[in-house]
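S.K.: With chain A's structure known, arrange chains B, C, D, E and F on it following the hints.
6 protein chains.
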Amino acid sequence: MVYLTRVEHFNAAHKLYNESWSEEKNIEVFGKCANPNWHGHNYELFVTIKGEPHPETGFVFNAKTLGDLIKEVIVEQVDHRNLNMDVPFMKGKFTSAENFAIAIWNELKPHIEKEGALLHYIKLQETPRIYVEYYG
Amino acid sequence: MVYLTRVEHFNAAHKLYNESWSEEKNIEVFGKCANPNWHGHNYELFVTIKGEPHPETGFVFNAKTLGDLIKEVIVEQVDHRNLNMDVPFMKGKFTSAENFAIAIWNELKPHIEKEGALLHYIKLQETPRIYVEYYG
Amino acid sequence: MVYLTRVEHFNAAHKLYNESWSEEKNIEVFGKCANPNWHGHNYELFVTIKGEPHPETGFVFNAKTLGDLIKEVIVEQVDHRNLNMDVPFMKGKFTSAENFAIAIWNELKPHIEKEGALLHYIKLQETPRIYVEYYG
Amino acid sequence: MVYLTRVEHFNAAHKLYNESWSEEKNIEVFGKCANPNWHGHNYELFVTIKGEPHPETGFVFNAKTLGDLIKEVIVEQVDHRNLNMDVPFMKGKFTSAENFAIAIWNELKPHIEKEGALLHYIKLQETPRIYVEYYG
Amino acid sequence: MVYLTRVEHFNAAHKLYNESWSEEKNIEVFGKCANPNWHGHNYELFVTIKGEPHPETGFVFNAKTLGDLIKEVIVEQVDHRNLNMDVPFMKGKFTSAENFAIAIWNELKPHIEKEGALLHYIKLQETPRIYVEYYG
Amino acid sequence: MVYLTRVEHFNAAHKLYNESWSEEKNIEVFGKCANPNWHGHNYELFVTIKGEPHPETGFVFNAKTLGDLIKEVIVEQVDHRNLNMDVPFMKGKFTSAENFAIAIWNELKPHIEKEGALLHYIKLQETPRIYVEYYG
Numbered sequence: 002m003v004y005l006t007r008v009e010h011f012n013a014a015h016k017l018y019n020e021s022w023s024e025e026k027n028i029e030v031f032g033k034c035a036n037p038n039w040h041g042h043n044y045e046l047f048v049t050i051k052g053e054p055h056p057e058t059g060f061v062f063n064a065k066t067l068g069d070l071i072k073e074v075i076v077e078q079v080d081h082r083n084l085n086m087d088v089p090f091m092k093g094k095f096t097s098a099e100n101f102a103i104a105i106w107n108e109l110k111p112h113i114e115k116e117g118a119l120l121h122y123i124k125l126q127e128t129p130r131i132y133v134e135y136y137g
Numbered sequence: 002m003v004y005l006t007r008v009e010h011f012n013a014a015h016k017l018y019n020e021s022w023s024e025e026k027n028i029e030v031f032g033k034c035a036n037p038n039w040h041g042h043n044y045e046l047f048v049t050i051k052g053e054p055h056p057e058t059g060f061v062f063n064a065k066t067l068g069d070l071i072k073e074v075i076v077e078q079v080d081h082r083n084l085n086m087d088v089p090f091m092k093g094k095f096t097s098a099e100n101f102a103i104a105i106w107n108e109l110k111p112h113i114e115k116e117g118a119l120l121h122y123i124k125l126q127e128t129p130r131i132y133v134e135y136y137g
Numbered sequence: 002m003v004y005l006t007r008v009e010h011f012n013a014a015h016k017l018y019n020e021s022w023s024e025e026k027n028i029e030v031f032g033k034c035a036n037p038n039w040h041g042h043n044y045e046l047f048v049t050i051k052g053e054p055h056p057e058t059g060f061v062f063n064a065k066t067l068g069d070l071i072k073e074v075i076v077e078q079v080d081h082r083n084l085n086m087d088v089p090f091m092k093g094k095f096t097s098a099e100n101f102a103i104a105i106w107n108e109l110k111p112h113i114e115k116e117g118a119l120l121h122y123i124k125l126q127e128t129p130r131i132y133v134e135y136y137g
Numbered sequence: 002m003v004y005l006t007r008v009e010h011f012n013a014a015h016k017l018y019n020e021s022w023s024e025e026k027n028i029e030v031f032g033k034c035a036n037p038n039w040h041g042h043n044y045e046l047f048v049t050i051k052g053e054p055h056p057e058t059g060f061v062f063n064a065k066t067l068g069d070l071i072k073e074v075i076v077e078q079v080d081h082r083n084l085n086m087d088v089p090f091m092k093g094k095f096t097s098a099e100n101f102a103i104a105i106w107n108e109l110k111p112h113i114e115k116e117g118a119l120l121h122y123i124k125l126q127e128t129p130r131i132y133v134e135y136y137g
Numbered sequence: 002m003v004y005l006t007r008v009e010h011f012n013a014a015h016k017l018y019n020e021s022w023s024e025e026k027n028i029e030v031f032g033k034c035a036n037p038n039w040h041g042h043n044y045e046l047f048v049t050i051k052g053e054p055h056p057e058t059g060f061v062f063n064a065k066t067l068g069d070l071i072k073e074v075i076v077e078q079v080d081h082r083n084l085n086m087d088v089p090f091m092k093g094k095f096t097s098a099e100n101f102a103i104a105i106w107n108e109l110k111p112h113i114e115k116e117g118a119l120l121h122y123i124k125l126q127e128t129p130r131i132y133v134e135y136y137g
Numbered sequence: 002m003v004y005l006t007r008v009e010h011f012n013a014a015h016k017l018y019n020e021s022w023s024e025e026k027n028i029e030v031f032g033k034c035a036n037p038n039w040h041g042h043n044y045e046l047f048v049t050i051k052g053e054p055h056p057e058t059g060f061v062f063n064a065k066t067l068g069d070l071i072k073e074v075i076v077e078q079v080d081h082r083n084l085n086m087d088v089p090f091m092k093g094k095f096t097s098a099e100n101f102a103i104a105i106w107n108e109l110k111p112h113i114e115k116e117g118a119l120l121h122y123i124k125l126q127e128t129p130r131i132y133v134e135y136y137g
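Chains as they are written, first to last, in our numbering: chain A, 2 to 137; chain B, 2 to 137; chain C, 2 to 137; chain D, 2 to 137; chain E, 2 to 137; chain F, 2 to 137.
One or more hints might be untrue.
As the list claims (entries may be wrong) - Derived BS3-like pairs (lysine-lysine); straight-line CA-CA distance at most 27 Å:
| # | chain 1 | residue 1 | chain 2 | residue 2 |
| --- | --- | --- | --- | --- |
| 1 | D | Lys33 | E | Lys33 |
| 2 | B | Lys33 | A | Lys33 |
| 3 | E | Lys72 | E | Lys51 |
| 4 | C | Lys124 | A | Lys124 |
| 5 | E | Lys124 | F | Lys51 |
| 6 | A | Lys124 | C | Lys65 |
| 7 | C | Lys124 | C | Lys110 |
| 8 | C | Lys124 | D | Lys124 |
| 9 | A | Lys51 | C | Lys124 |
| 10 | E | Lys110 | E | Lys92 |
| 11 | D | Lys33 | E | Lys94 |
| 12 | D | Lys110 | D | Lys124 |
| 13 | E | Lys33 | F | Lys72 |
| 14 | C | Lys94 | C | Lys110 |
| 15 | E | Lys94 | E | Lys110 |
| 16 | F | Lys33 | C | Lys124 |
| 17 | D | Lys51 | D | Lys72 |
| 18 | E | Lys33 | D | Lys94 |
| 19 | B | Lys65 | A | Lys33 |
| 20 | D | Lys124 | D | Lys51 |
| 21 | D | Lys72 | E | Lys33 |
| 22 | F | Lys124 | F | Lys110 |
| 23 | F | Lys92 | F | Lys115 |
| 24 | B | Lys94 | E | Lys65 |
| 25 | C | Lys115 | A | Lys26 |
| 26 | D | Lys33 | A | Lys51 |
| 27 | D | Lys51 | C | Lys51 |
| 28 | F | Lys51 | E | Lys110 |
| 29 | F | Lys33 | B | Lys51 |
| 30 | E | Lys124 | F | Lys72 |
| 31 | E | Lys51 | B | Lys110 |
| 32 | A | Lys51 | A | Lys124 |
| 33 | E | Lys65 | A | Lys65 |
| 34 | A | Lys72 | D | Lys26 |
| 35 | A | Lys26 | C | Lys72 |
| 36 | B | Lys124 | E | Lys65 |
| 37 | B | Lys92 | B | Lys110 |
| 38 | C | Lys115 | C | Lys72 |
| 39 | C | Lys65 | A | Lys33 |
| 40 | C | Lys124 | D | Lys65 |
Hint data in this document are derived by calculation from the structure and do not stem from the laboratory.
Bound conformation, chain A alone (with noise of 0.2 Å):
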């Protein structure tokens, strides 16, 4: 088993409220990412792909096809939005960096599983020193 990871960029803008909560509550628990007006992060998206490689190419994957899956998926739906208000398979949930790599790691599974291989891993990187890791 051999694991291929493909690593893609995008800038977003988001914040960490809980509408059920005051506006106190939210800045004690969320602090300076409860702010109102927003605030962003340049994201590194990694996603690992495992399988054995193919005797007719040396691939587990095909890392531009991975690259561009995950352009396709997800860059092009969070690249430069807000991910509260712009994105369809956020809607509803908090835009922590857990449930985002989780949301991502489910969009896409399917698409991954159709090409005929194995989703291993998605790491999320939101700052240079903060970063989340999903196995599913």
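M.R.: This is chains B, C, D, E and F only, laid out in the frame that chain A set:
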């Protein structure tokens, strides 16, 4: 003359939008950056002071003081904020990286001169592939 | 299960030296790392928490709380210190990256569990080309 | 169990080409990577050893010895070489990152075991956006 | 005056070889870079434009236009190519990073001036430890 | 004129301490950097040579020769050393990054000129957030 640089980090939302233009012209010129619901970045801010090392310390300037000053004067005003809506020193300006770097220079300069030091250079990294530089 | 990682930074001096060996044996085994007058590193410390996102926040753990906890429990004790001389939790230990990572794990674990969270992983980057990892 | 990783660097040329296919099929599958006159990369090779720290050194393995061994066994054979033409252990293989990582694992393993250590993991970074991982 | 930089990436093969010299002299001067079967690099290309921000956009130059132009004029010609064999604008030149940076400058300059902008600086990173810079 | 830069790495211990001051004043001015038992850094040293590419090689200077020269003249003297105690060319100087960069310049310059080349610039990165630059 020696040059001392301190790097600080912040996250912010913004959009590039000229209100005197049509939506179409905004999208034509600014592309995805004109998204009405904002997008955002992890900014890296480089601030360079120049001078001769002081004979009693070997310092051109105290790097910790410089970091504290950048945090107090700039980061506190822009971190986890909306550059178009929340930042007094960007009011009425397009929030391009170029304009933002010039405005940061103008904010920082008097504070650095009050400490008896010379501001030499600002670098503002907006994405891993785009940055601007300003020497006043 | 989602994994949340926070990265913190510190600088420290240390040396690798076995007092029960001759100077020659120390140099043979530890090379330049045995320099009696110390050397030092910029360490990057990665701390990973695992869990399910909380339904009211979307957080596995609050990343700011995690950063504050790492700073209070670890960084305050090791930053700009001598690992062999100044750090109580390294007393009597060789200050290899391996031992240091295990000791950091043991220091952090009760504090993280007191917050109701699960410590999953420590990564300690000692130089750009050397790092160690520990899962308890 | 602690994991120690050493990172080494090399540059090489290669192409992805299946001689049993037509030129058209090669370009369809491998795209620009099939360029008959080669292309190349700066590779970063991560090698991870696992074990318990030795009580007399605090080391799982000597990181300098590990670096020397990677340089002698791998880097000397591949640095500034053509992976398809010049590297005996890649003879007759497609030089995909996947196959290359497996071949590096097979080259390194006996040398690391001869030193009484356990090879745990290979990571081979081919471009800033593509890497593969192998655990044997 | 503000400086705007865009970074683009490509991979290429090359060798350093003076055909008017003996094999021995080539190896003496160019070392492993003279390998007859080529080696290669992941190049990072930094292109800097200078000017005043335009009052209607805040831009010195549109960073997306700049990226598209670098990709069209340079990356399309050199990515996944052999610099000695496949690149018309390097014909008859030693493919040192120095010569390559000058040639990239000469290719880019008229295209950037046609857009009414001023090319200020080229940086070409050949390996993590070697780069060249050119100001025309 | 083209500029060629080579980056080399070393680790060292040091402290910032003015012996003619009280302990209190040292802590007030140098903060944690005055820790009597030292701290340390992973330093990155950038050395830039300027000149015209030689018509027979395309080189401003041989990058391997430059790396060897930096290693011989600087890295051998400072790597895994205590800058205050072990380094002859820092004797009697405060080991600030500023003073250290000037001293490195003065050490390197005659060796580079003996090779017929022009030293243009030194950059010394002390931490990921602090660096100094010197042009002589």
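S.K.: With reference to the structure, classify each hint as holding or not holding.
M.R.: Quick rundown of the hints versus the structure:
A C-alpha spacing of about 25 Å is found between Lys33 (chain D) and Lys33 (chain E), which places the hinted pair at or below 27 Å, so the restraint holds. A C-alpha spacing of about 25 Å is found between Lys33 (chain B) and Lys33 (chain A), which places the hinted pair at or below 27 Å, so the restraint holds. This hinted pair checks out: Lys72 (chain E) and Lys51 (chain E) have alpha carbons roughly 19 Å apart, not beyond 27 Å. Among the hinted pairs, Lys124 (chain C) with Lys124 (chain A) is consistent with the structure: their alpha-carbon atoms are about 16 Å apart, no more than 27 Å.
Taking the CA atoms of Lys124 (chain E) and Lys51 (chain F), the gap is near 14 Å; set against the 27 Å cutoff, the hint holds. As the CA atoms of Lys124 (chain A) and Lys65 (chain C) are separated by approximately 19 Å, the hinted pair is consistent with the 27 Å bound. Among the hinted pairs, Lys124 (chain C) with Lys110 (chain C) is consistent with the structure: their alpha-carbon atoms are about 14 Å apart, no more than 27 Å. Between Lys124 (chain C) and Lys124 (chain D), the direct Cα distance comes to roughly 16 Å. Compliance with the 27 Å bound is thereby established for this hinted pair.
Straight-line distance between C-alpha atoms of Lys51 (chain A) and Lys124 (chain C) comes to about 24 Å, which keeps the hinted pair within the 27 Å bound. Between Lys110 (chain E) and Lys92 (chain E), the direct Cα distance comes to roughly 19 Å. Compliance with the 27 Å bound is thereby established for this hinted pair. For the hint linking Lys33 (chain D) to Lys94 (chain E), the alpha-carbon distance of about 24 Å falls within 27 Å, and the restraint holds. A C-alpha spacing of about 14 Å is found between Lys110 (chain D) and Lys124 (chain D), which places the hinted pair at or below 27 Å, so the restraint holds.
About 19 Å separates the Cα atoms of Lys33 (chain E) and Lys72 (chain F), which keeps this hinted pair within 27 Å; it holds. Restraint check for Lys94 (chain C) and Lys110 (chain C): satisfied, since their Cα atoms lie roughly 19 Å apart, inside the 27 Å limit. The suggested pairing of Lys94 (chain E) with Lys110 (chain E) holds, with an alpha-carbon distance near 19 Å, which does not exceed 27 Å. For the given pair, Lys33 (chain F) sits about 24 Å from Lys124 (chain C) by alpha-carbon distance, which is consistent with the 27 Å threshold.
Between Lys51 (chain D) and Lys72 (chain D) the alpha-carbon distance is near 19 Å, which keeps this suggested pair within the 27 Å criterion. Distance check on the hinted pair: Lys33 (chain E) and Lys94 (chain D) sit about 24 Å apart at the alpha-carbon level, within 27 Å; holds. Simply put, Lys65 (chain B) and Lys33 (chain A) have alpha-carbon atoms about 24 Å apart, close enough for the 27 Å limit, and the pair holds. Between the alpha carbons of Lys124 (chain D) and Lys51 (chain D) the distance comes to roughly 15 Å, so the proposed pair stays at or under 27 Å and holds.
Of the pairs offered as hints, the one joining Lys72 (chain D) and Lys33 (chain E) holds, with about 15 Å between alpha carbons and a cut-off of 27 Å not exceeded. Between Lys124 (chain F) and Lys110 (chain F), the direct Cα distance comes to roughly 14 Å. Compliance with the 27 Å bound is thereby established for this hinted pair. For a cut-off of 27 Å, the pair hint linking Lys92 (chain F) to Lys115 (chain F) stands: about 25 Å separates their Cα positions. At most 27 Å may separate the alpha-carbon atoms for a hinted pair to count; Lys94 (chain B) and Lys65 (chain E) meet this at roughly 20 Å.
At most 27 Å may separate the alpha-carbon atoms for a hinted pair to count; Lys115 (chain C) and Lys26 (chain A) meet this at roughly 22 Å. Our distance criterion of 27 Å between C-alpha atoms is met by Lys33 (chain D) and Lys51 (chain A), whose separation comes to about 24 Å. As the CA atoms of Lys51 (chain D) and Lys51 (chain C) are separated by approximately 22 Å, the hinted pair is consistent with the 27 Å bound. Proximity of Lys51 (chain F) to Lys110 (chain E) is assessed by CA-CA distance (about 22 Å); at most 27 Å being required, the pair is judged to hold.
Pair hint Lys33 (chain F) plus Lys51 (chain B) holds up; C-alpha atoms about 24 Å apart against a cutoff of 27 Å. Proximity of Lys124 (chain E) to Lys72 (chain F) is assessed by CA-CA distance (about 24 Å); at most 27 Å being required, the pair is judged to hold. For the suggested pair Lys51 (chain E) and Lys110 (chain B), the alpha carbons sit about 22 Å apart, so the restraint of at most 27 Å is met. With a CA separation close to 15 Å, the supplied pair Lys51 (chain A) and Lys124 (chain A) stays within the 27 Å bound.
Taking the CA atoms of Lys65 (chain E) and Lys65 (chain A), the gap is near 22 Å; set against the 27 Å cutoff, the hint holds. Pair hint Lys72 (chain A) plus Lys26 (chain D) holds up; C-alpha atoms about 24 Å apart against a cutoff of 27 Å. At most 27 Å may separate the alpha-carbon atoms for a hinted pair to count; Lys26 (chain A) and Lys72 (chain C) meet this at roughly 24 Å. Between Lys124 (chain B) and Lys65 (chain E), the direct Cα distance comes to roughly 19 Å. Compliance with the 27 Å bound is thereby established for this hinted pair.
For the suggested pair Lys92 (chain B) and Lys110 (chain B), the alpha carbons sit about 19 Å apart, so the restraint of at most 27 Å is met. A C-alpha spacing of about 16 Å is found between Lys115 (chain C) and Lys72 (chain C), which places the hinted pair at or below 27 Å, so the restraint holds. Between the alpha carbons of Lys65 (chain C) and Lys33 (chain A) the distance comes to roughly 10 Å, so the proposed pair stays at or under 27 Å and holds. Distance hint between Lys124 (chain C) and Lys65 (chain D) is fulfilled; the C-alpha atoms sit about 19 Å from each other, no more than 27 Å.
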